[in-house]
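Protein chains: 2
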Amino acid sequence: MNDPSDQPETEPAAKIDFAPRTSVEQVEEGHDLAPKFDSDGLIPCVTTDAANGEVLMLGYMNREALEKTILTGEAYYWSRSRQVLWHKGATSGLVQQVVEIRIDDDQDAIWLRVHIQAGAHSDPASCHVGYRSCFYRAVELKTGRIGFAEKEKTFDPEVVYRDTPNPTVL
Amino acid sequence: MNDPSDQPETEPAAKIDFAPRTSVEQVEEGHDLAPKFDSDGLIPCVTTDAANGEVLMLGYMNREALEKTILTGEAYYWSRSRQVLWHKGATSGLVQQVVEIRIDDDQDAIWLRVHIQAGAHSDPASCHVGYRSCFYRAVELKTGRIGFAEKEKTFDPEVVYRDTPNPTVL
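Here the protein sequences line up with chains A and B, keeping their order. Mapping of the first sequence onto the numbering used here: residues 374 to 543, in sequence order. Mapping of the second sequence onto the numbering used here: residues 374 to 543, in sequence order.
Incorrect hints may have been included.
What the hints assert, rightly or not - Only pairs whose alpha carbons sit at most 25 Å apart, straight line, appear in this in silico DSS-like list of lysine-lysine:
(1) A:K526 with B:K526
(2) B:K409 with A:K524
(3) B:K388 with A:K409
(4) B:K515 with A:K515
(5) A:K409 with B:K515
(6) B:K515 with A:K388
(7) B:K388 with B:K409
(8) A:K388 with A:K409
(9) A:K526 with B:K409
(10) A:K409 with B:K526
(11) A:K515 with B:K388
Calculated from the structure, these hints are not laboratory results.
When you get a sec, could you build the whole thing from the sequences and use the hints?
In structure tokens, the structure reads:
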């Protein structure tokens, strides 16, 4: 992914320079953005609601998604199920405006704090099932039983997503 | 990982039954705990401070780590750098007491809300570099430049971790 010839020729304008990873000190204590993408070219991204700290989703970014997120201030991910660059909210209208981007100590994880625009049909939400957070269920300590932490969906996914295939993979 | 013979013979007592994944509806809307482990047998886990919603770290759990976390109420992870089960805080004293375990829509990510015990030498913290959160740096929009969101370390990692090797991998 670090080969300069990978840069798309059709968008030569703005780009973000990711630094090579040269030392533990540089990666942990430095000012160079030197993200570590995994063997699939992806870095995990935790996205929280800037208003209340709730974890909304855990997604993945490839190099292009991270670059577009930094440049545009809107959240882009790589959809592993559809294998495409994914501008969150393009279908649902629930675009994530980035308030802050954090990166972790060894630069192999991203944390986005976002503000969610409410779509035409719905309250602010981020989950394709219709809940506010993707993490709408809790696992009970000791037993492992699952209960619903969110009681009601904030939108009807059949209205918002219509013919879009469900991304959940068994 | 689903072979019953994988169960450790020395700890036959309590165990958590993970359900097989049989349908999208079961996984997304059901009460069965049916986590999806990746090809390395791992599931990513976002850990936040229950007191203020701050994202502390993004770790990984294998089947045993998730089971122990549910059964004990303390956070266990799988250390990818050391390739061992990792009881967070065993070295530093900064044990993570689990307040709530959430699981996401397609059950391929965990969210732990934790309370961190302060260690003998330190304030509550979670990062091996010495900061409160592993996400102590912010990436500037438009430019990609990195700045420090946390200005001071909460403990001295050379005192707390002594001879423990640094887990960061280039």
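Hints, one by one, checked against the model:
1. A:K526 with B:K526: Between A:K526 and B:K526 the Cα gap is close to 41 Å, so the pair fails against 25 Å, i.e. violated.
2. B:K409 with A:K524: The given pair, whose Cα atoms are some 24 Å apart, holds under the 25 Å limit.
3. B:K388 with A:K409: The hint is violated at about 35 Å.
4. B:K515 with A:K515: Status violated; Cα separation ~46 Å.
5. A:K409 with B:K515: 20 Å, holds
6. B:K515 with A:K388: Roughly 9 Å separates the two Cα atoms, so the pair holds.
7. B:K388 with B:K409: Holds: B:K388 and B:K409 sit about 18 Å apart, inside 25 Å.
8. A:K388 with A:K409: Answer holds: A:K388 to A:K409 is near 18 Å, not above 25 Å.
9. A:K526 with B:K409: 23 Å, holds
10. A:K409 with B:K526: 23 Å, holds
11. A:K515 with B:K388: 9 Å, holds
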